[in-house]
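J.: Given next are the chains, with one letter for each unit.
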Amino acid sequence: MKPISRSFGMFVRQIAKDGMLWGIGLAPLLLGVMIRFGVPYVETVLSGYFHRSILVPYYQLFDLVLFLMTAYMFCFASAMVMLAERDENIAQYLAITPLGRKGYVFSRLCVPVLLSLPASIVLMLCFSLTIWPMRHLLEAAILMGLLSTVVALLVVSFSRNRVEGVAVGKLSGLLILGLVVPYFIESGLQYMVFFMPSFWIASYFLDGNIMFLMSALITSVLWILVLFRKFSTKLF
Amino acid sequence: MIHVQDLQFSYTSHPFIADINFTVPAGEIFGFLGPSGAGKTTIQKILTGLLTNFNGNVEVGGIDLKRFNRDLYERIGVDFEFPSLYEKLTGRENLKFFASLYKHHVAIDPLLESVGLINDADKKVSAYSKGMKSRLDFIKALVHDPDILFLDEPTSGLDPSNARVMKNIILQLKAEGKTIVLTTHNMYDATELCDRVAFIVDGKLVALNTPHNLIISHGASTVRYSYISDGEEKTSTTALDKTATDPLLLQLIKENRLSTIHSSEPTLNDIFTLLTGRELQ
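First to last, the protein sequences are chains R and A. Sequential numbering from 43 applies to the first sequence in my numbering. Sequential numbering from 27 applies to the second sequence in my numbering.
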């Protein structure tokens, strides 16, 4: 465990020395404040104007976005650090130290995801717009962690440097659009995005059907399995 | 210490590394020589466990590289051709971090001192010159006092004085009993440092011997001399072991008419070219 903890320490140190990554780390907190205080205010204004609830039916969607953002930003920061370490040939070097490839991936990908679980739950407890039972909080934290892992793998696998990483990171936001689909498309057309884990995640929390939970898990794991080989080849 | 038998490897469907066999005993400096793209770095990647999908048997320090754990990395040190350093950290911080990954490590300052970086130890690596980075990268491979070292072009990009320092350290490490695998296309480094060298061309091992034996067995030393005849300078060459039977040379010596006389030995590069039809550099 010593090499992994040292390696994670270096990961934190790199984030601390990078202004952009600081911003990424703070983004979920800012989003939480905006959602908790901004959305109800806008709702008050809109409902006063239209004389009916406009945003309330989508409060759960706002919560899901907030939930995802913590793990997503942690993983995006992780992907940026990995890209920098690949540029500096460090990832390959760390693979031939007692840290090894698995230790490197664990310290750069798994540890941030694991840390994002309690962080996202705390943010939800502070800023969510709807009431979440603890079981749902845990399920959502795990599912968002897996989805964010997919994003990190995508960014590292398809970028040659940090600039491209930012661009791919933005593009990977399309994967998150699946969250919106079940809230706005009720017909069978919504299954056009069956390959997006985010679609099944939103479907599960909207409907409570355990099959949607299984589908979210399966699609996330499939994405991870498909991307991991390319990720590993690119990194080392 | 290192045992390679029937090694084969390919990145594609076509074989790239084929039928490589060699053994490196403890305390030897073993050199891989070959032009760029010959397969030297790929073999080094296999020997350091970075590539594991090879065919054949490879043992490093008695560890089978088809089935190894992290203990392998406590025993080997690797200096890649290109520096692998955190640019935003100082030289000392880099060494401390990499040393912290190992169970045991040596003091950092003597290492920094050995390559003349002690006064720059607290500068950020981004402010280092290419040569300084190379030197720092080299001692990074030594922080855990490994038994086996893999050095890829360790003197590349260094000025002659720092290259000398580096070569002296390599020889000192050999004297301490370390086993060193040196990958290079620099024939002078190989001739000076290596106990044995292997020529690698197109993924195949073309020759393996001591530099001296390769030179002696494949090339003859020659004597080149010049003299004045009919008012013009003329030159002639003869094999070193045929000087006693070269009538012109004997006559010129007898008549004291030699203008210049030089002996020359073939270099490892000449032997490499002779055996492979390719240039090393």
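Just so you know, not all the hints are guaranteed correct.
[What the hints assert, rightly or not] Only part of the chain R face toward chain A is listed, based on derived beta-carbon distances under 8 Å:
#, residue
1, Lys59
2, Ile132
3, Gln134
4, Ile138
5, Gly142
6, Asp249
7, Phe278
[Stated by the list, open to error] Think about it this way: if two alpha-carbon atoms lie no more than 25 Å apart in a straight line, the pair counts; the simulated BS3-like pairs of lysine-lysine are:
#, chain 1, residue 1, chain 2, residue 2
8, R, Lys144, A, Lys122
9, A, Lys114, R, Lys59
10, A, Lys92, A, Lys114
11, A, Lys92, R, Lys276
Source of the hints: derived by calculation from the structure; they are not laboratory data. Glycine is no exception: its CB is placed at the ideal position from the N, C-alpha and C atoms.
J.: If a hint holds in the structure, say so; if it doesn't, say that too.
T.: Verification of the hints:
| no. | hint | verdict |
| --- | --- | --- |
| 1 | Lys59 | 5 Å, holds |
| 2 | Ile132 | 5 Å, holds |
| 3 | Gln134 | 7 Å, holds |
| 4 | Ile138 | 5 Å, holds |
| 5 | Gly142 | 5 Å, holds |
| 6 | Asp249 | 45 Å, violated |
| 7 | Phe278 | 7 Å, holds |
| 8 | Lys144/R <-> Lys122/A | 22 Å, holds |
| 9 | Lys114/A <-> Lys59/R | 8 Å, holds |
| 10 | Lys92/A <-> Lys114/A | 36 Å, violated |
| 11 | Lys92/A <-> Lys276/R | 22 Å, holds |
Comparing the model with each earlier hint shows violations of hints 6 and 10; every other hint is respected.
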